[in-house]
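Q: What follows is each chain in one-letter form.
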Amino acid sequence: MEKIELREPISANQTNDLAVNQVAETHHHKDEVGAKIGMWLFLFTELLLFGGLFLLYMAYRLQYTNDFIIAGQELNLVMGTVNTIILLTSSLTMALSIAAIQRGKKNLSILFLISTILFALAFLVIKYFEWTEKFHHGIAPNAPELLSKPNGEIIFFGMYYSMTGLHALHVVIGLIVLSFMLFFLLRNRINENDYIKLENSGLYWHLVDLIWIFLFPLFYLIH
Amino acid sequence: MEQGQKPHLITYGTYVLVWLSLISLTLLTVTISGVDYGRIALFIALVIAFVKSVLVVSYFMHIKFDEAIFKFFILVALVTLASIFILTSTDIFFR
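Protein chains in written order, with the numbering used here: chain A, 1 to 223; chain B, 1001 to 1095.
Same shape as in the complex, but just chain B:
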């Protein structure tokens, strides 16, 4: 951010909309968990959790409007974490 430049402000309304989406997704995931989707139930629940965290990180944590370096950092952290998970799960499956 350049000196004297005003930071990007997110409106109160946007925050409330994000919150409403988060609550709706929570109620959705609870409702869906009552239905028996078998093996993909966990997958659906994790996809919903992932969508919720994208909303929190983008808006509440302001990443959508921050410098590119923050997005890059997060990408590196997530790729690291994902590789650890993928490597461990292949180890479990092919043991």
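If we strip away everything but chain A, and leave its shape as in the complex, we get:
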């Protein structure tokens, strides 16, 4: 109650001063380290989200080692490898996009960001073909053909669909975030002096890449 009473007598002139101060502050004291720490804390929650699934994978793999090896042979190694290379390359163009805006090269930054978005789309298109091919062979969640297999294989494909599915969802979210960043870049809201938004989106994109770096050997390279 007291606080509200104290605030009331502020004159129009004073509020104006306050507004000016606030504008000045956002221009001079942009806390970039703070923004990055916030982003990293969020990334750690993502790490735990996927960490739980990796933990489940480990437990089941120890229990059904042979079934996992048999089921793993069904995955398309070529598509998996190509997707790995695409995602790694998209991480490169993301890093280059930030490097370009740091040097004030707006057009180059836009070009690299658009490449990143295109690589992300390519990843999803390949994932789509990979999944539909599996579906045609009767390996879909709850499909009778899959359910007739041994338990370990059912679990392998269950983990495969949930983990690569959650990862693909992150790719889609990354795509949306990066599209917004492209818009900000075009409008100069991201520029040589203020590119923390692009950096933090980059961190998210690299995390998506990091998770795939582990998904790839665990699902596609089982022998």
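One should not assume that every hint holds.
Said to hold, decoys possible - Just the calculated beta-carbon pair ranges, DEER-fashion:
1. A:T45 x B:V1047: 23 to 29 angstroms
2. A:A122 x B:P1007: 30 to 36 angstroms
3. B:I1086 x A:P144: 38 to 44 angstroms
4. A:R103 x B:G1034: 40 to 46 angstroms
Note that these hints are calculated values from the structure, not bench results. None of these values were measured; they are calculated from a predicted model. Heads up, the beta-carbon is just placed ideally off N, CA and C, and yes, glycines get one too.
Given the coordinates of chain A, work out where chain B should sit on it, guided by the hints.
A: What follows is chain B alone, placed relative to chain A:
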């Protein structure tokens, strides 16, 4: 970072070199998976994946050149995750 101090810039060339290493490691891990190393195959694949993620975190995510607090945070997160994995696997093995 102090006010007015320029952030550390990584050159385009460094990024391309990191990318080349990542691609080479990917091709290496795919090639190795064709050879039958038995039980240590998974271990080798995970070591390669770990090396790749160190490269991504250090350079692409810029951690090598960021403040020490970021490295400390990551260490805490990884130790937490590792303890969960170690505790769970001992539970599975000694059940």
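Q: For each hint, tell me whether it holds in the structure or not.
A: Status of each hint after checking the structure:
Checked against the given bound of 23 to 29 angstroms, the beta carbons of T45 (chain A) and V1047 (chain B), roughly 26 angstroms apart, stay inside it. At roughly 31 angstroms, the beta-carbon separation of A122 (chain A) and P1007 (chain B) lies within the given 30 to 36 angstroms, and the hint holds. Checked against the hint of 38 to 44 angstroms, the pair I1086 (chain B) and P144 (chain A) passes, with Cβ atoms roughly 39 angstroms apart. Range check, R103 (chain A) to G1034 (chain B): about 42 angstroms between beta-carbon atoms, so the 40 to 46 angstroms window is met.
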